[in-house]
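*Asks:* Sequence:
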Amino acid sequence: MLDNIPFEVEIIKRVPGRSLLQFRSVSKQWKSLIDSSEFITHHTLNPTQPQHLLVRYIGRSEIKYVSIVDDDSFPRHKFSPTVSPTAKLLTHIRMIASSHGLVCLCGFAYDLNKNLIILWNPSIRKSIEIVFPYISNALGFGVCPKTMDPKIVNITCKANAQVYTLSSGAWRHASIKLCVPGTGFSFRSYHEVIDGIIYWVTCNTSGSCDKIISFDLI
1 MLDNIPFEVE
11 IIKRVPGRSL
21 LQFRSVSKQW
31 KSLIDSSEFI
41 THHTLNPTQP
51 QHLLVRYIGR
61 SEIKYVSIVD
71 DDSFPRHKFS
81 PTVSPTAKLL
91 THIRMIASSH
101 GLVCLCGFAY
111 DLNKNLIILW
121 NPSIRKSIEI
131 VFPYISNALG
141 FGVCPKTMDP
151 KIVNITCKAN
161 AQVYTLSSGA
171 WRHASIKLCV
181 PGTGFSFRSY
191 HEVIDGIIYW
201 VTCNTSGSCD
211 KIISFDLI
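Each residue of the sequence shown is one higher than the last, beginning at 1 in UniProt numbering.
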């Protein structure tokens, strides 16, 4: 697939994120290209692009974010990425995961009386808001390696899960079978994504965490 990328795309994917913001205004075709999941992946994985640390902090009762270049010069190179205004309304906000240049946040918006997931691309300063059900035992985020489509997984119980696909903009139900005994178990808040498979650690009522649950994004 990489061999079929046009020459101009090869050039664009090497430019920094701030330049991409300007290039999105060139034409509808360029905007669609830069916003696509495939381009985001190529741009993020390009070895010429510097890695950034995303830092979240509270300043004067307001949650703020700053992105710092992760190298020897990082004290001198930083910028404040534009966060969705709705994200600033979220309480108990937490990061589900980050993958392929996208950051997935979730929390509750009291003003809207909704649980929201924010899928955010700091490089082009764009984000989308996704409403998700109140019932959730575990949330996961990753990118399907086959289609390069970002997906959010919401596990509600032993036999049901919901999957949000960015390309469709909708949730779909998926039947699952969790191999855990009884009902007294819980998911740890963190997870890992390896080769398109999300892995969670589960704990029983005694606090012993000895089971790993997986979900294939393909």
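These are computed hints drawn from the structure, not numbers from a lab.
Keep in mind that a hint or two might mislead.
[Stated by the list, open to error] Cβ-Cβ distance ranges computed for the label pairs, FRET-style: (1) Leu54 to Cys203: 15 to 21 Å; (2) Asp111 to Phe23: 22 to 28 Å; (3) Val201 to Phe23: 20 to 26 Å; (4) Ala170 to Pro145: 18 to 24 Å; (5) Val201 to Arg125: 32 to 38 Å; (6) Phe108 to Tyr190: 17 to 23 Å; (7) Tyr57 to Trp171: 17 to 23 Å.
[Said to hold, decoys possible] Below, in silico cross-link-like pairs of lysine-lysine (DSS-like), each with a Cα-Cα straight-line distance of 27 Å or less: (8) Lys114 to Lys146; (9) Lys28 to Lys177; (10) Lys146 to Lys64; (11) Lys28 to Lys146; (12) Lys88 to Lys64; (13) Lys31 to Lys211; (14) Lys28 to Lys64; (15) Lys126 to Lys64; (16) Lys88 to Lys126; (17) Lys126 to Lys177; (18) Lys126 to Lys146; (19) Lys126 to Lys31; (20) Lys126 to Lys114.
All of these numbers come straight from a predicted model, not from anything done at the bench.
Even glycine gets a Cβ: it sits at the ideal position worked out from N, Cα and C.
*Asks:* Has the hinted range 22 to 28 Å been met by the Cβ atoms of Asp111 and Phe23?
*Replies:* The hint (22 to 28 Å, Cβ to Cβ) is violated, given that Asp111 and Phe23 are roughly 34 Å apart.
*Asks:* Do the Cβ positions of Phe108 and Tyr190 conform to the proposed distance bound of 17 to 23 Å?
*Replies:* With Cβ atoms ~20 Å apart, the hint holds.
*Asks:* Does the alpha-carbon distance linking Lys126 and Lys31 stay inside the 27 Å limit?
*Replies:* holds (12 Å)
*Asks:* Is the hinted range of 20 to 26 Å satisfied by the C-beta distance from Val201 to Phe23?
*Replies:* For Val201 and Phe23 the Cβ distance comes to about 41 Å; the hint is violated.
*Asks:* Taking 27 Å as the top limit, are the C-alpha atoms of Lys126 and Lys177 close enough?
*Replies:* Given pair Lys126, Lys177 is violated - Cα atoms ~36 Å apart, limit 27 Å.
*Asks:* Given the hint that Lys31 pairs with Lys211, does the C-alpha gap stay at or below 27 Å?
*Replies:* Distance ~44 Å between Lys31 and Lys211 Cα, so the pair is violated.
*Asks:* Between the alpha carbons of Lys88 and Lys126, is the straight-line distance 27 Å or under?
*Replies:* The hint holds at about 14 Å.
*Asks:* Holds or violated: Lys88 with Lys64, Cα cutoff 27 Å?
*Replies:* Holds - the C-alpha atoms of Lys64 and Lys88 are around 8 Å apart, at most 27 Å.
*Asks:* Under the criterion that the straight-line Cα-Cα distance not exceed 27 Å, is the pair Lys126, Lys114 satisfied?
*Replies:* holds (21 Å)
*Asks:* Between Ala170 and Pro145, does the C-beta distance stay in 18 to 24 Å?
*Replies:* holds (21 Å)
*Asks:* Would you check the hint for Lys126 and Lys146, treating anything up to 27 Å between C-alpha atoms as holding?
*Replies:* OK: Lys126 and Lys146 at ~24 Å, within 27 Å.
*Asks:* Please test the hint of 17 to 23 Å on the beta carbon pair from Tyr57 and Trp171.
*Replies:* Violated, at about 32 Å.
Violated hints, in rising order: 1, 2, 3, 7, 8, 9, 10, 13, 14 and 17; the structure is consistent with all others.
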